[in-house]
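Asker: Protein chains in written order, with numbering that gives the first Met the number 0: chain A, 0 to 90; chain B, 0 to 612.
Simulated from the structure, these hints should not be mistaken for lab results. Since this is a predicted model, take the numbers as computed values, not measurements. Backbone N, C-alpha and C fix where the C-beta goes; we use that ideal spot for every residue, glycine too. Do not take every clue at face value.
Here are the simulated BS3-like pairs of lysine-lysine, each with C-alpha atoms no more than 27 Å apart in a straight line [as the list claims (entries may be wrong)]:
| hint | chain 1 | residue 1 | chain 2 | residue 2 |
| --- | --- | --- | --- | --- |
| 1 | A | K66 | B | K158 |
| 2 | A | K44 | B | K163 |
| 3 | B | K158 | A | K47 |
| 4 | A | K66 | B | K471 |
| 5 | B | K471 | A | K81 |
| 6 | A | K66 | A | K81 |
| 7 | B | K366 | A | K65 |
| 8 | A | K44 | A | K66 |
| 9 | B | K103 | A | K81 |
| 10 | B | K597 | A | K65 |
| 11 | B | K276 | A | K44 |
| 12 | B | K422 | A | K66 |
Facing chain B, a subset of chain A residues (Cβ under 10 Å, in silico) [to be verified]:
| hint | residue |
| --- | --- |
| 13 | V27 |
| 14 | N30 |
| 15 | I32 |
| 16 | I45 |
| 17 | P54 |
| 18 | T56 |
| 19 | E58 |
| 20 | L60 |
| 21 | P62 |
| 22 | S63 |
| 23 | K65 |
| 24 | D70 |
| 25 | L76 |
| 26 | R80 |
Distance windows between CB atoms, simulated [stated by the list, open to error]:
| hint | chain 1 | residue 1 | chain 2 | residue 2 | range |
| --- | --- | --- | --- | --- | --- |
| 27 | B | G94 | A | K47 | 17 to 27 Å |
| 28 | A | E37 | B | T573 | 49 to 59 Å |
| 29 | A | E37 | B | T534 | 20 to 30 Å |
| 30 | A | Q78 | B | Q156 | 43 to 53 Å |
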Amino acid sequence: MDSRERARPLPGFGGDAEERGSSEPAGVRENRIRLLNEVASEGVKILKQSERHLPDTVERLLPSTKKQLNDLMQRALAQWRKATEGVDNVG
Amino acid sequence: MSDNLILSVENISGLYGTRQFEFKPGLNLVTAPNAAGKSSLIHALQTLILEERDLTPRGYFLHSFESTGRVELTMGGRQYIRRLRARDGSLSVGGEAFHPEGRKVSLFCIASEDNELLDRVKTGKALRSTLLDFSDHRYYELLGDFFEQQRLRAESQLKQYRDKQAELELLTSQLRKIEVELQQLENERKTMAAVPLEIVVRTEEERRRLTQAQRDLSQLISEITETEGAISRSKNLLETKRNQEIRLQQRVREFESQHPDIEQEMASIDSEIESYKNQLDRLRSEMNSVQDRLQDTSRNWTRYVKYGIEECFACGTPIKSEQLRDRQKQLEQRSSELNNEINSLQWRIEGRKKERIQLEQEWTEVKSRIRAELNNARRAIDVEENSLTKLEAKLNSLLPRRPELSRLVEQLEATFDKETREKLERRRQLDEKIARRDQDRKTKVASIEQIGDVRTQILQFEEEIRFCQQLKHLVSEKAEQVRRAVRDMFNKRVTEVYHLLEFDRDFERIYLDDGFELKIIRRFGDQRKPDSINTLSRGEKETVALVLMLAGREAYLSDFPFFIADETTFYDSTRFRRIVEYVSKRVPYTIITNLVPKDKQDTLTIEHQLATV
């Protein structure tokens, strides 16, 4: 993923906040977008690793894959919280 | 080093035993009649290429009558081996696949009967799932579903905390009300007029005495009621026992009056029975004699009838036949009379015996059981009479105390300072109310503390939900981007391939729409008309499918060294020829199978050509 894509505000997310005249600092917003993109990219990697057992629905994912995805999300959420501490408007 | 490919096949599909095939760079045209191994050859190549999960569900890869099979490809000095083994009803696969993306190869480089892309184009179905399956689209879709699921979970937890918060708000509001009420009660208590201590002490003493007297009176009344109840029950029991005694005595008297001298009565019956028995013996003896005589008479009668002898067989006395007949009649009559008398006498003896047994039983019952019951009843009456006497004595001792105590209570109530009493009572009630309210307050405070501060958790879950929503939004957007990119790439490649094949004379354009359905724009002179893929002929559809396969191959597998087409007899020959020329120029090894009639050729042959058909 190139850096331009990372910095690009997502529709209904950074862009909206900007339109609403958010007081959120630009650095915080970029951090959050980068974090979301990283989660998506890591999530794809995890699913690719379990390619041989990849089902059609999320309910049928292997428990180990589900756990990996869940851990990823919780780690990212912790970072997200850290990044947005003290910021009122989080999108 | 030779550029030829050597394919060695053992027990694969219809190829039994070990077979070897050689393919040369360029076009390899495999021709054979039906059931000579063309499709099996394709299956052998698929065995080398497909991943284990795609091989195992298809039972036809291994020869039906063999449990192991093997495919070996020698290419550029390297060997690729795949082994199949049937075990416990399933197929296990050994060895590495020839290419890491076997499914993609199978879809874009092997035009066989089981190619999903060919099948979907021929039946006019959308290609979304088939083409997107090879992109990151499905990962993003799965991720989107996963984040959505996480959001729903977080929302469910948030709801629980919001319910707790609502409960907390309710408890807080109730606590405020209690505190206000408590404040009012305490204020009221403070404003109550003070009562001098000596009056309080005196009133308290009076109240204590009155309460004690009331309690004693109430206790006495209760005791009297209880004793009266016990007396009533005792009398009832006594009456029952006395009635029982009377009934038993009556029974004994009746028996004694009916049988004044029971022993003599029984001796008389015994003697009567004995007399009957003697009579019976006599009658039986006579009966025996009559029977003997009747037997003699019968014999004499037989002698007379048989031999005409008219004399007694025993003593030789002459005897006439008429006399014999009369004697026989008399004896038979007497025998019958005796029989009746014996029966009658036996019946009488039995009757008397029964009477005697019954009498003896009744006598025994009167002597033992009834007398025992009588004794028990008498003892019970004595006990109950004693108990009743004691209860009546107790009642008599209690009753005089009642008016005394009633008088005392009345007296104390009359002298009691009612005003002060009411004042003190009100104060006492108020104190109790304050204590209850204070207890309520403590309970509410404990409940509030137990729930704790849920605001932090609510904020955290709200944040998690927003996080999941934004992740879902992001991956959905990415899935959409991939979907568009795949579609655009295919459309671009299809157009290029069509142009190179010079098929664009009849069709302005062939493309995938937003839903991955194949659409065409027909050209007729200067006119253009959009149309559905279903309007194409079978040959045209097959051509379109092959073009799509080539587009996929160009995009994803441009370095893959084979292109295989099975059973090409059914393709439009002119267009297929161009496709083969196009493929042969781009792919090192092109393998085409073709059906020939059995009368022209009876075995499988491979003809090699260099990039031309």
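Asker: Decide, hint by hint, whether the structure agrees.
Answerer: Each hint, compared with the structure:
| no. | hint | result |
| --- | --- | --- |
| 1 | A:K66 - B:K158 | 24 Å, holds |
| 2 | A:K44 - B:K163 | 39 Å, violated |
| 3 | B:K158 - A:K47 | 34 Å, violated |
| 4 | A:K66 - B:K471 | 18 Å, holds |
| 5 | B:K471 - A:K81 | 21 Å, holds |
| 6 | A:K66 - A:K81 | 22 Å, holds |
| 7 | B:K366 - A:K65 | 95 Å, violated |
| 8 | A:K44 - A:K66 | 14 Å, holds |
| 9 | B:K103 - A:K81 | 43 Å, violated |
| 10 | B:K597 - A:K65 | 57 Å, violated |
| 11 | B:K276 - A:K44 | 121 Å, violated |
| 12 | B:K422 - A:K66 | 72 Å, violated |
| 13 | V27 | 14 Å, violated |
| 14 | N30 | 13 Å, violated |
| 15 | I32 | 9 Å, holds |
| 16 | I45 | 9 Å, holds |
| 17 | P54 | 8 Å, holds |
| 18 | T56 | 7 Å, holds |
| 19 | E58 | 8 Å, holds |
| 20 | L60 | 7 Å, holds |
| 21 | P62 | 13 Å, violated |
| 22 | S63 | 14 Å, violated |
| 23 | K65 | 8 Å, holds |
| 24 | D70 | 12 Å, violated |
| 25 | L76 | 6 Å, holds |
| 26 | R80 | 6 Å, holds |
| 27 | B:G94 - A:K47: 17 to 27 Å | 23 Å, holds |
| 28 | A:E37 - B:T573: 49 to 59 Å | 54 Å, holds |
| 29 | A:E37 - B:T534: 20 to 30 Å | 48 Å, violated |
| 30 | A:Q78 - B:Q156: 43 to 53 Å | 21 Å, violated |
In terms of the numbered hints stated before, the structure departs from hints 2, 3, 7, 9, 10, 11, 12, 13, 14, 21, 22, 24, 29 and 30, listed from lowest to highest.
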